[in-house]
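Peer 1: Letter by letter, the chains look like this.
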Amino acid sequence: MAYSDKVIDHYTNPKNVGTLDKSSKSVGTGLVGAPECGDVMRLQIEVDDATGMITDAKFKTFGCGSAIASSSLATEWLKGKSIDQALAVDNMDFVEELNLPPVKIHCSVLAEDAIKAAINDYRVKNGKEAIKFEESVVH
Amino acid sequence: MLKLPIYLDNNSTTPMDPRVLEAMTPYFLEHYGNAASRNHPFGWEAEEAVDYAREQVAKLIGADPKEIIFTSGATEGDNLGIKGVYEMYASKGNHIITATTEHKAVLDTCKHIEKTGGEVTYLQVKRDGLIDLKELEAAIKPTTILIAIMYANNEIGTVQPIREISAIAKKHGVLLFSDAVQAVGKIPVDVNKDGIDLMAFTAHKMYGPKGIGALYVRRKNPRVKVTAQMDGGGHERGMRSGTLNVPGIVGFGKACELCRLEMEADTKRISILRDKLETELMKLEEAYINGSTEHRLPHVTNISFKHVEGEGLLMGFNKNIALSSGSACTSASLEPSYVLKALGLGDDLAHSSLRFGLGRFTNEEQIDYTINAISETVLKLREMSPLWEMYKEGIDLDSIEWAAH
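These protein sequence lines are chains Y and H, in that order.
Residue 1 is where the first sequence starts when you use the numbering used here, and the numbers rise one by one after that.
Residue 1 is where the second sequence starts when you use the numbering used here, and the numbers rise one by one after that.
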């Protein structure tokens, strides 16, 4: 299976690989996937409490090229977005931007789940209720 | 000068030896007769070439040329050998014993037999990939007609104790079939010394052409028969109808001859390269060899690099190095290699594996390049892996409740 140029680019030069201080109140961490399934994504956001804007985003991913590319792209998209804008990111946005083939759609779902998990982690840390999302439809 | 890409997927298929192609060419262009045409020189030439090739093939495995049935490849050989015995010996019993790490061509053939009323026992393998001989013997019943155990495994290279297995089969009057695709031409295989009754193998795993293989069917002690799975003109002593693939057979014969003459030197050279590759890659932290290192093909190694996903790993160099992974992220099921899982490996390690198959045309420069490329990619991906970070922080990954998706 051939990867798209965009996937290859993110894989070769991933953006925002790294770790934010997960104990900080302004950092939200989303850890999704499972080693048994062959992909685990950890996405972290740093939020400016005053403005509600995402000022930084980092990821680490265990997985195939498409999983790495999806999470790298997610960090790029999240920086500078408000929480509400971040919540609007849909898995199909990744599929379109990265030209993911059908067998790789789960990578995009995982990226969307990681964003939501990171936001909820941030919310809970700051005394807000976790948002209940509809169960995402995955394989 | 190092030429890229490097081919290290020789368990999948091998390049053809130029000497094989040279032997085949005249049988496309000048001697194109049908080996079954008895009335003119074209047919005679073709028949003569087939007879000669049959001798070359037989000689490599210590068989009589009459015991060689040409097929389209090992999948057909597996089907003909197993279904053919099952149907031919139906009055004697309906039970077959095989193992969970067999090739799909054997496993799916056995599943088909189960659907038609047969009974199949699938032996588990030990951590090293070998079957347990006591379990094998205990599984034999009065209705057992066939034991089907591969000579060497395609993913991990583990070589089964075929002589001990055949001794058990003989003791109980059960036939032994072996899928020997990965072994023939690579290590000494002798159907008489090994006590094999039926054996499938194929040309394209030993520097011959694709689309031609053979089923060895024993003619003496005991005389074995199989029911044909392909009806027609009664070629190959009635066991496999169909016009013979003369150029393919000629190439197969030549490939067998070359393997017979050069196996020793090839093995010596290739195993040194394999050992170098393995030793250097094992210097990486948390790298594990899968399957037995003692009972193993000399040109194969299968290594898991923990906390790095196989397909992601391949992507780091697959433009330049051809390899395969036990991870199956491309398949819809997302199930990693069933062979690695049968060894008792967790899914995480199975997902993290690479299979290396060296060959006659592998050289040291290629191995050095591969060692560097893989080591670099493993280190790079580990820097990117949340699992590696947790492992380094001393977090027990099994203690985490993963959100299964």
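If you're looking for bench data, these hints aren't it; they were derived computationally from the structure.
Treat the hints loosely; a few may be bogus.
Listed next, the in silico DSBU-like pairs over lysine-lysine satisfying Cα-Cα at most 30 Å (straight line) [stated by the list, open to error]:
no.	chain 1	residue 1	chain 2	residue 2
1	Y	K79	Y	K125
2	H	K319	H	K59
3	Y	K79	H	K59
4	H	K59	Y	K6
5	Y	K25	H	K392
Peer 1: Run every hint past the structure and note whether it holds.
Peer 2: Structure-based check of all given hints:
{"no.": "1", "hint": "K79/Y with K125/Y", "verdict": "20 Å, holds"}
{"no.": "2", "hint": "K319/H with K59/H", "verdict": "39 Å, violated"}
{"no.": "3", "hint": "K79/Y with K59/H", "verdict": "69 Å, violated"}
{"no.": "4", "hint": "K59/H with K6/Y", "verdict": "54 Å, violated"}
{"no.": "5", "hint": "K25/Y with K392/H", "verdict": "24 Å, holds"}
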